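Here is how the chains run, residue by residue.
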Amino acid sequence: MRNPMPRRAVLKTLGALGLGVAAGLEPGARAHAQAPSFGQNESVQDAMKWLFGGKTIKDGSAIIKFDIPLIAENGSVVPVAVSVDSPMTPASYVKYIYIVADKNRIPVVTRVTLAPEAGKASVGANIRLGETGEVRAIVEQSDGTLLQVAREVKVTVGGCGG
Amino acid sequence: MSDIGKVRLRVPSSIKPGDVVQVRSLIIHPMERIERDPQGKIVAKNYNYINKVIVTYLGKTVAVFDTTQSVAENPFFSFTFKATDPGQLKVQFLDTTGGRYEGTADIKFS
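Chains A and B, in that order, are what the protein sequence lines are. Going by the working numbering, the first residue of the first sequence is number 8, and it counts up by one from there. Going by the working numbering, the first residue of the second sequence is number 3, and it counts up by one from there.
The set of hints was computed from the structure by calculation and includes no laboratory data. Some hints could be false.
Below, in silico cross-link-like pairs of lysine to aspartate or glutamate (EDC-like), each with a Cα-Cα straight-line distance of 16 angstroms or less [what the hints assert, rightly or not]:
1) LYS102/A with ASP68/B
2) LYS92/B with GLU124/A
3) LYS161/A with GLU80/A
4) LYS62/B with GLU124/A
5) LYS84/B with GLU124/A
6) LYS62/A with ASP150/A
7) LYS84/B with ASP5/B
8) LYS54/B with GLU75/B
9) LYS18/B with ASP108/B
10) LYS62/B with ASP108/B
11) LYS161/A with ASP74/A
12) LYS110/A with ASP53/A
13) LYS161/A with GLU138/A
14) LYS127/A with ASP92/A
15) LYS127/A with ASP21/B
16) LYS43/B with GLU49/A
17) LYS54/B with ASP39/B
18) LYS84/B with ASP108/B
Source: prediction; values computed, not measured.
Using the sequences and the hints, build the whole thing.
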């Protein structure tokens with residue numbers, strides 16, 4: 008072997024990197040087991056369980072306006088808008104708006120935390136949809152009431168990849 | 003990809019005190035999707051996507067978006083706030099690689 012030292016050095020570095028990766032991954036995995044975080048690969052049932060526990064979710068079609076196309080030709084950009092007809096005072100306001108796509112590998116798309124200063128509970132975003140399925144908008148009010156509106160969206164070309 | 007982190011904020015041109023104002027924001031960001039190897043296993047790596055968007059007005063937090071990879075590339079967000087005093091509206095975008103991008107708009111009454 009003409010040049011053994013650099014090779015050994017390279018191997019050592021690789022080994023150290025491997026250890027680093029392993030050490031870096033493990034606490035993350037453990038943290039997930041305790042308190043799930045957003046952006047996990049999970050089923051929608053699991054997601055709903057850790058988000059809302061066993062609490063009942065009422066139908067919110069009376070006050071929630073959920074704008075989403077019925078047919079999304081391109082799943083990688085789907086505009087959604089949620090607005091809630093609710094007062095925004097410190098005593099009673101919309102605390103969280105969740106958008107959950109049932110069929111996505113990462114079902115929880117976003118959680119919006121609102122303050123009474125927002126003046127109106129109205130948010131919008133562009134989301135991805137992997138395949139045809141239900142998309143829900145779930146609203147949690149400051150007193151803990153959960154309201155939900157679900158829409159079936161047909162997706163022509165999925166946008167979640169992988 | 004040098005455009006990553008470019009933020010655009012759209013605020014209505016005329017605002018009156020007390021108005022509830024709708025703001026639209028856009029950021030250029032790849033929002034990497036999950037990758038899988040040929041066996042279908044998820045490639046474990048630190049995906050670069052925005053996981054938090056913080057909206058502050060006059061130093062107070064108005065809205066926080068916790069986002070995941072299910073949000074589209076170059077994401078667009080809209081939100082509202084109640085314009086009470088002239089001041090600064092700031093939107094911060096935080097991604098998983100520690101990137102921090104922000105856009106500001108000065109709220110003035112005409």
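Now for the hints, and whether the structure bears them out:
no. : hint                   : in the structure
1   : LYS102/A with ASP68/B  : 13 angstroms, holds
2   : LYS92/B with GLU124/A  : 14 angstroms, holds
3   : LYS161/A with GLU80/A  : 8 angstroms, holds
4   : LYS62/B with GLU124/A  : 8 angstroms, holds
5   : LYS84/B with GLU124/A  : 6 angstroms, holds
6   : LYS62/A with ASP150/A  : 13 angstroms, holds
7   : LYS84/B with ASP5/B    : 31 angstroms, violated
8   : LYS54/B with GLU75/B   : 14 angstroms, holds
9   : LYS18/B with ASP108/B  : 14 angstroms, holds
10  : LYS62/B with ASP108/B  : 15 angstroms, holds
11  : LYS161/A with ASP74/A  : 14 angstroms, holds
12  : LYS110/A with ASP53/A  : 13 angstroms, holds
13  : LYS161/A with GLU138/A : 7 angstroms, holds
14  : LYS127/A with ASP92/A  : 8 angstroms, holds
15  : LYS127/A with ASP21/B  : 10 angstroms, holds
16  : LYS43/B with GLU49/A   : 14 angstroms, holds
17  : LYS54/B with ASP39/B   : 28 angstroms, violated
18  : LYS84/B with ASP108/B  : 14 angstroms, holds
Hint compliance for this structure: hints 7, 17 are broken, all remaining hints hold.
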